[in-house]
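Start counting the sequence shown at 1; every next residue gets the next number (UniProt numbering).
Read the hints as simulated data drawn from the structure, not as lab findings.
As a list, the in silico EDC-like pairs of lysine to aspartate or glutamate whose alpha-carbon atoms are at most 16 Å apart:
| id | residue 1 | residue 2 |
| --- | --- | --- |
| 1 | K128 | D98 |
| 2 | K195 | E125 |
| 3 | K264 | E181 |
| 4 | K80 | D153 |
| 5 | K58 | D96 |
| 6 | K264 | D182 |
| 7 | K195 | D165 |
| 8 | K133 | D98 |
| 9 | K128 | E66 |
| 10 | K195 | E166 |
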Amino acid sequence: TGLIRTALMNMDREAKEYYEVIIQAKDMGGQLGGLAGTTTVNITLSDVNDNPPRFPQKHYQMSVLESAPISSTVGRVVAKDLDEGINAEMKYSLVDGDGLDVFDINTDPNYQVGIITVRKPLSFESKKSYTLKVEGANSHLEMRFLNLGPFRDTTTVHISVEDVDEPPVFEPSFYFVEVPEDVEIGTTIQIISAKDPDVTNNSIRYSIDRSSDPGRFFYVDITSGALMTARPLDREDVSWHNITVLAAELNNPSQVGSVSVTVKVLDVNDNAPEFARFYEAFVCENAKAGQLIQTVSAIDRDDPQEGQHFYYSLAPEAANNPNFTLRDNQDNTAWILTRRSGFRQHEQNTFYLPILISDNGRPVLSSTGTLTVHVCSCDDDGMVMSCNAEAYVLPVSLSRGALIAILACIFVLLVLVLLILSMRRQRKQPYIIDEEENIHENIVRYDDEGGGEEDTEAFDIAAMWNPREAQLVVKNRQDMLPEIESLSRYVPQACVMDNNVHNYVLAKLYEADMDLWAPPFDSLQTYMFEGNGSVAESLSSLQSVTTDSDQSYDYLTDWGPRFKKLAEMYGATDSSGALW
Numbered sequence: 001t002g003l004i005r006t007a008l009m010n011m012d013r014e015a016k017e018y019y020e021v022i023i024q025a026k027d028m029g030g031q032l033g034g035l036a037g038t039t040t041v042n043i044t045l046s047d048v049n050d051n052p053p054r055f056p057q058k059h060y061q062m063s064v065l066e067s068a069p070i071s072s073t074v075g076r077v078v079a080k081d082l083d084e085g086i087n088a089e090m091k092y093s094l095v096d097g098d099g100l101d102v103f104d105i106n107t108d109p110n111y112q113v114g115i116i117t118v119r120k121p122l123s124f125e126s127k128k129s130y131t132l133k134v135e136g137a138n139s140h141l142e143m144r145f146l147n148l149g150p151f152r153d154t155t156t157v158h159i160s161v162e163d164v165d166e167p168p169v170f171e172p173s174f175y176f177v178e179v180p181e182d183v184e185i186g187t188t189i190q191i192i193s194a195k196d197p198d199v200t201n202n203s204i205r206y207s208i209d210r211s212s213d214p215g216r217f218f219y220v221d222i223t224s225g226a227l228m229t230a231r232p233l234d235r236e237d238v239s240w241h242n243i244t245v246l247a248a249e250l251n252n253p254s255q256v257g258s259v260s261v262t263v264k265v266l267d268v269n270d271n272a273p274e275f276a277r278f279y280e281a282f283v284c285e286n287a288k289a290g291q292l293i294q295t296v297s298a299i300d301r302d303d304p305q306e307g308q309h310f311y312y313s314l315a316p317e318a319a320n321n322p323n324f325t326l327r328d329n330q331d332n333t334a335w336i337l338t339r340r341s342g343f344r345q346h347e348q349n350t351f352y353l354p355i356l357i358s359d360n361g362r363p364v365l366s367s368t369g370t371l372t373v374h375v376c377s378c379d380d381d382g383m384v385m386s387c388n389a390e391a392y393v394l395p396v397s398l399s400r401g402a403l404i405a406i407l408a409c410i411f412v413l414l415v416l417v418l419l420i421l422s423m424r425r426q427r428k429q430p431y432i433i434d435e436e437e438n439i440h441e442n443i444v445r446y447d448d449e450g451g452g453e454e455d456t457e458a459f460d461i462a463a464m465w466n467p468r469e470a471q472l473v474v475k476n477r478q479d480m481l482p483e484i485e486s487l488s489r490y491v492p493q494a495c496v497m498d499n500n501v502h503n504y505v506l507a508k509l510y511e512a513d514m515d516l517w518a519p520p521f522d523s524l525q526t527y528m529f530e531g532n533g534s535v536a537e538s539l540s541s542l543q544s545v546t547t548d549s550d551q552s553y554d555y556l557t558d559w560g561p562r563f564k565k566l567a568e569m570y571g572a573t574d575s576s577g578a579l580w
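Starting from the given sequences, assemble the full structure and let the hints guide the process.
Structure follows, in structure tokens:
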């Protein structure tokens with residue numbers, strides 16, 4: 001039939017997995033002379049779960065630092081299984097030992113190993129070693145092979161905890177302190193305690209993290225850990241303080257522990273009540289007795305546990321006030337009422353009413369607030385018209401629109417008046433020259449020789465005093481034109497005149513040039529060729545000699561036609577008296 005069958009029982013895949021079988025087929029029923037053919041058949045044994053898992057070691061030794069974080073790996077264990085595939089899948093668990101609540105084990109599905117991890121924080125000082133019993137079992141079993149079991153195995157794991165230098169630890173891990181705000185400076189409000197968890201038990205030094213207490217309200221003793229107040233506390237300013245206290249090892253300052261301390265400042269009655277705002281009331285002249293003019297209330301920065309309650313009364317100095325009275329409404333408010341009628345502005349237009357406000361604290365605190373009451377003129381409906389005793393009384397029939405129109409007209413008139421005054425001030429008047437007081441000499445330009453001092457039309461001295469004032473009264477010369485524009489440009493300025501006069505004239509000339517209202521011509525006429533530095537030098541007789549014989553005027557003939565008359569008068573003559 002060509003059917004291949006097993007020849008042996010209980011073949012073992014783990015011993016031999018592959019077989020190669022050669023099959024021969026002959027014709028003629030296998031008779032001699034028949035033909036034959038062969039083929040090869042490869043046979044592979046499939047796996048069954050007939051091998052239980054086994055740990056190669058019955059004891060494992062592991063170690064872990066006490067500072068190891070939770071879920072960190074301690075070590076690995078593996079159980080061997082000769083089967084493969086799904087038949088070799090394993091599940092690990094902790095079945096016994098003193099570290100069942102401290103450690104945990106997980107199965108790696110890829111490599112079928114058990115991974116032991118930290119479940120809780122470790123402490124070398126509390127427990128130095130642990131013992132675990134680990135079990136590895138197949139996940140998939142075949143019932144027909146159970147007699148070959150059990151399909152599980154166990155091993156023992158010893159874990160040693162190694163010591164490390166740890167920072168100080170606070171007990172408890174959080175502090176909550178309540179302290180009244182009137183506590184004295186230097187009072188101990190809490191003892192902070194920390195210890196070194198290591199076997200060496202180093203000394204501890206305490207301090208405050210200043211970033212958590214920028215106001216430096218507290219201080220901690222460096223050795224005892226006593227937390228004290230360093231500044232006065234005020235609940236109304238800061239009601240809660242969250243500070244951090246640090247503890248460092250003396251031998252190793254890098255090992256620092258910290259703890260949070262919350263301080264609640266309790267209220268004490270240290271603030272007197274006061275008006276909630278500035279109160280200003282108005283009373284009409286036609287007000288009646290008993291009329292309500294103002295409701296007042298108060299505030300208190302304190303926060304008593306039983307709540308705020310204020311009491312109002314008139315101050316002792318105003319207890320018998322004939323004008324106003326006070327009614328306490330017992331709801332932290334009070335009414336101010338008129339005690340009489342017939343208020344008059346011209347008699348008294350302002351009243352100051354002192355009011356005493358007390359609280360319900362221990363001790364009782366009080367303050368005095370002042371209510372300002374103005375007497376006003378009101379209409380029949382009680383609407384305020386004027387609160388000024390000197391206010392101008394307008395006719396009743398004058399409407400608001402008419403009043404606005406009147407004020408607008410007054411404003412326009414004021415603007416016009418101011419404008420007219422401004423224009424008058426800006427108008428320039430000519431400068432009046434008093435000839436008797438004028439001590440300056442006129443500088444006169446002559447077109448021809450002679451003329452004398454009476455030809456003063458060529459120059460107006462007022463123009464040199466103030467060119468702006470001369471704008472309206474300037475005299476234009478129509479009968480002559482200047483022969484030269486200004487001789488000063490041809491002659492060095494050092495030789496023109498005395499320095500003081502020169503500077504004065506230049507200043508006035510600059511002022512006239514820069515003035516937009518100055519006359520459109522130079523009113524300053526310059527006469528040159530005389531004085532120190534000129535060709536003629538000085539013509540003054542002050543420095544001349546007393547005798548004519550010592551003085552020679554022959555050089556006048558070389559000066560041109562301008563000095564012809566002088567040359568004829570003072571020129572040299574011969575013995576017969578003729579002029580040369």
